[in-house]
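Peer 1: Take a look at the letters that make up each chain.
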Amino acid sequence: METSSGLMIIWESWPMFLSGTITAVQLCILFLGVGVVVAVPVSLSQIYGGKSLKFSASVFEQVFRGLPALVLLFLFYFGLAELDVSPLVAATLAMGLRSAAYQSQIFRGAILSIDSGQMVAARSIGMSRIRAIKCVILPQAIRLAIPPWSNEFANMIKDTSYVFVVGIIELMRQGRYVVAGSFGNALLVYSVIALIYLFLTYCGLFLMGRLSKKLAIPGFASAGAAMERI
Amino acid sequence: MEPLLKVENIEKTYDGKKVLNGISFEMEKGNTKVIIGPSGTGKSTLLRCVNRLSEPEMGKVILDGQVVLDKTVEKEPRIDLNAIRSQVGMVFQNFNLFTHLSVLGNVTLGLTQVKGMKRKDAVERAMIEIDRVGLADKKDAYPALLSGGQQQRVSIARALAMDPKVILFDEPTSALDPELIGEVLQVMIKLAKEGMTMLCVTHEIGFARSVADEIIFLDEGKVLAHEPPEQLFSNNSSARIRTFLKKISELYGGE
Ligand SMILES: Nc1ncnc2c1ncn2[C@@H]1O[C@H](COP(=O)(O)OP(=O)(O)OP(=O)(O)O)[C@@H](O)[C@H]1O
Ligand SMILES: [Mg+2]
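Those protein sequence lines, which keep their order, are chains F and D.
The opening position of the first sequence corresponds to residue 1 in my numbering, with each subsequent residue numbered one higher.
The opening position of the second sequence corresponds to residue 1001 in my numbering, with each subsequent residue numbered one higher.
Since the hints were derived computationally from the structure, they do not count as laboratory data.
Be careful, since some hints might not be right.
As the list claims (entries may be wrong) - Within a straight-line C-alpha distance of at most 27 Å, the following computed BS3-like cross-link-like pairs (lysine-lysine) qualify: (1) F:K134 - D:K1075; (2) F:K51 - D:K1075; (3) F:K134 - D:K1120; (4) D:K1115 - D:K1139; (5) D:K1139 - D:K1120; (6) D:K1139 - D:K1060.
Build the full structure now, drawing on both the sequences and the hints.
Peer 2: Structure follows, in structure tokens:
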């Protein structure tokens, strides 16, 4: 009798789960996007930069990889309270830059695994260094980075749940609301939420695997390697 | 007549060690020169200094009247190195093909990105060179699926497509299985006969004998001999050179 009324409540709360899920996906895309945009120049600085660029990039990477997500969130939200940053801005900075630090490692590894002879060959036909990076290095690095990048995606979709601590109404927070309205049927509600995260992770990795296959080049990098990480 | 390529008194130091110690030579248009010499003697470094992929401390390089390098003056004039490099082809021991691009993509990249050609014109131009090295049927293949000999021919086509004034070859056959060397040498011989200006580091004595106008013997960063093959391979050469030639003909089966 009690479970069935619990199920009833979950059924009736579907708009909240749906809205929480959509928010989680949007946050994940936003954080990863900020991560890519920052990580590419950071990794390029670490490899091709001068001394001071290299140093700054490394400091950035070490700091943002070295701190717990919650500490970063608190720093950016409560720490910058004077500046009146919105929860979304604080969360985007904290989670986006944190992801950038991890992603910069992924891109750096991918770039370094490309034989340096290709850069020499590109320069020898008269390409500038920037053009060579754009036309020769990055297209290969992106392909090599997809499998480890899928890992970063899988972490990120889960890590979006942290941002409920700064008051963003994502899946976890919606879950709390549902629990509150279901007379404390926490096990059932959080099980549904767990299933939703699993489903999102699976879908994401599936898409990454498809992308990896689509971009695969005969004899180069491994197609479908992303799928093996589930 | 002004030489096409003039290299004067190049000096290059690595880690306090003089790798090139005052190298000078000239090349006429259409010449083929072969550089030989013991390992670690600065042959690759010399080629890289010609288009400034390595930066020498001293010396001067003039290509077809354009200053490529001039360390003899206080302040060098502004030099558009990318423009110069696009006129100097380079073929590497390890091919260095762009692995994410097909044969056609490898050969067109410089045309579209450096020469600013339209895609259609670039493809047309590239196909001429791909055909010239005998790989028209492989134009859509990716490097990883080609044999070493085929990859090296693609890299020659990539250099040729840029319409270079001179092509620098750095041991183009050293990384190849013996049965694949012939197809690459054939392409190089054809180019030499068609009047391409070529500066080749190679230990293929047969190639040197049949197509080189002159051979430069490099030893410890210095030019030990610079003469036509008949002369170098005659018994008048110094003991040092004869010992080396004997050793490589044993290694590479040149004689
Ligand atoms: N980037 C570099 N940094 C430091 N030393 C270098 C570098 N490149 C070459 N050298 C040194 O310069 C010397 C000449 O090298 P180079 O590669 O030009 O010789 P090589 O005649 O081409 O030899 P090989 O026949 O083995 O190819 C060697 O002692 C080498 O160790
Ligand atoms: Mg060498």
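Peer 1: Given the hinted pair K1139 of chain D and K1060 of chain D, is their Cα-Cα distance within 27 Å?
Peer 2: At roughly 39 Å apart (the allowed maximum being 27 Å), K1060 of chain D and K1139 of chain D break the hint.
Peer 1: Given the hinted pair K1139 of chain D and K1120 of chain D, is their Cα-Cα distance within 27 Å?
Peer 2: 15 Å, holds
Peer 1: Please verify whether K134 of chain F and K1120 of chain D have alpha carbons no more than 27 Å apart.
Peer 2: 21 Å, holds
Peer 1: Are the Cα atoms of K1115 of chain D and K1139 of chain D separated by 27 Å or less?
Peer 2: It holds: about 21 Å lies between the C-alpha atoms, which stays within 27 Å.
Peer 1: Within 27 Å, alpha carbon to alpha carbon, are K51 of chain F and K1075 of chain D?
Peer 2: 26 Å, holds
Peer 1: If you draw a straight line from the CA of K134 of chain F to the CA of K1075 of chain D, is it 27 Å or shorter?
Peer 2: Since the Cα atoms of K134 of chain F and K1075 of chain D sit roughly 32 Å apart, the hinted pair is violated (cutoff 27 Å).
Taken one by one, the earlier hints fail for this structure at numbers 1 and 6, listed in ascending order.
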